[in-house]
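A.B. asks: Sequence:
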Amino acid sequence: MVDGDFTLWESNAIMQCLAGSKLNSLWPDGARVRAGIARWHFWQVAHWHEGNAGFIWENVVKKLMGGGDPDAAALKQAGEDFHRDARVLDGQLGNHLYLVIC
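With the numbering used here applied, the sequence shown corresponds to residues 23 to 124, in that order.
Please note that the accuracy of each hint is not assured.
Said to hold, decoys possible - Simulated restraints on C-beta separations:
#: 1; residue 1: GLY89; residue 2: HIS69; range: 46 to 52 Å
#: 2; residue 1: ILE123; residue 2: MET87; range: 39 to 45 Å
#: 3; residue 1: MET87; residue 2: ARG61; range: 33 to 39 Å
#: 4; residue 1: ASP51; residue 2: GLY89; range: 43 to 49 Å
#: 5; residue 1: VAL55; residue 2: TRP31; range: 42 to 48 Å
#: 6; residue 1: ARG106; residue 2: LYS44; range: 36 to 42 Å
#: 7; residue 1: VAL67; residue 2: GLY26; range: 24 to 30 Å
#: 8; residue 1: LYS98; residue 2: LEU121; range: 25 to 31 Å
#: 9; residue 1: VAL83; residue 2: MET37; range: 38 to 44 Å
#: 10; residue 1: ALA96; residue 2: GLY26; range: 41 to 47 Å
Note that these hints are calculated values from the structure, not bench results.
Bear in mind the structure is a predicted one, so any value in this text is a computation, not a measurement.
Here a beta-carbon is modelled for each residue, glycine too, at the ideal position from N, C-alpha and C.
Sequences are here, hints too, so could you generate the full structure?
C.D. replies: This is the structure we're talking about:
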């Protein structure tokens, strides 16, 4: 994102910057609510992305780069990672309509 002399990269940082540009319901004023939103942004990068990256690498990127067929063991691990992390989301969304309650 480029705004005059300010350049920002990284999708979660861009979302937070744009949402915080003026008061709105998606980025409410309040440190605890914003921290809750940031927590899920960081979790997504550290965990959710990790589990899905194996699927993306083995089924898309590897083929595009001429790396051969998907590795069954890597796909098995990606599946385990995905299901481990999906349980975290299910746990939160099983008790709440949204990840963060504003």
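A.B. asks: Quick one: are LYS98 and LEU121 within 25 to 31 Å, going by C-beta?
C.D. replies: holds (28 Å)
A.B. asks: Just to be sure I understand the hint, the distance between the Cβ atoms of VAL55 and TRP31 should be within 42 to 48 Å; is that true here?
C.D. replies: violated (25 Å)
A.B. asks: Does the Cβ pair VAL67, GLY26 satisfy 24 to 30 Å?
C.D. replies: holds (27 Å)
A.B. asks: Honestly, do ARG106 and LYS44 meet the 36 to 42 Å range at C-beta?
C.D. replies: Since the Cβ atoms of ARG106 and LYS44 sit about 38 Å apart, the hinted range of 36 to 42 Å holds.
A.B. asks: Between ILE123 and MET87, is the Cβ distance one that fits in 39 to 45 Å?
C.D. replies: The hinted range 39 to 45 Å holds for ILE123 and MET87, with Cβ atoms some 42 Å apart.
A.B. asks: Quick check on a hinted range of 38 to 44 Å for VAL83 and MET37, using CB atoms only.
C.D. replies: violated (24 Å)
A.B. asks: So the hint says 43 to 49 Å: do the beta-carbon atoms of ASP51 and GLY89 match that?
C.D. replies: holds (48 Å)
A.B. asks: Falls inside 46 to 52 Å, the C-beta gap from GLY89 to HIS69?
C.D. replies: violated (25 Å)
A.B. asks: That 33 to 39 Å hint for MET87 and ARG61 (C-beta), does it hold up?
C.D. replies: Holds - the Cβ-Cβ distance for MET87 and ARG61, about 34 Å, lies within 33 to 39 Å.
A.B. asks: Is it true that ALA96 and GLY26 lie within 41 to 47 Å of each other by Cβ?
C.D. replies: holds (44 Å)
Consistency with the previously given hints fails for numbers 1, 5 and 9, ordered from lowest to highest.
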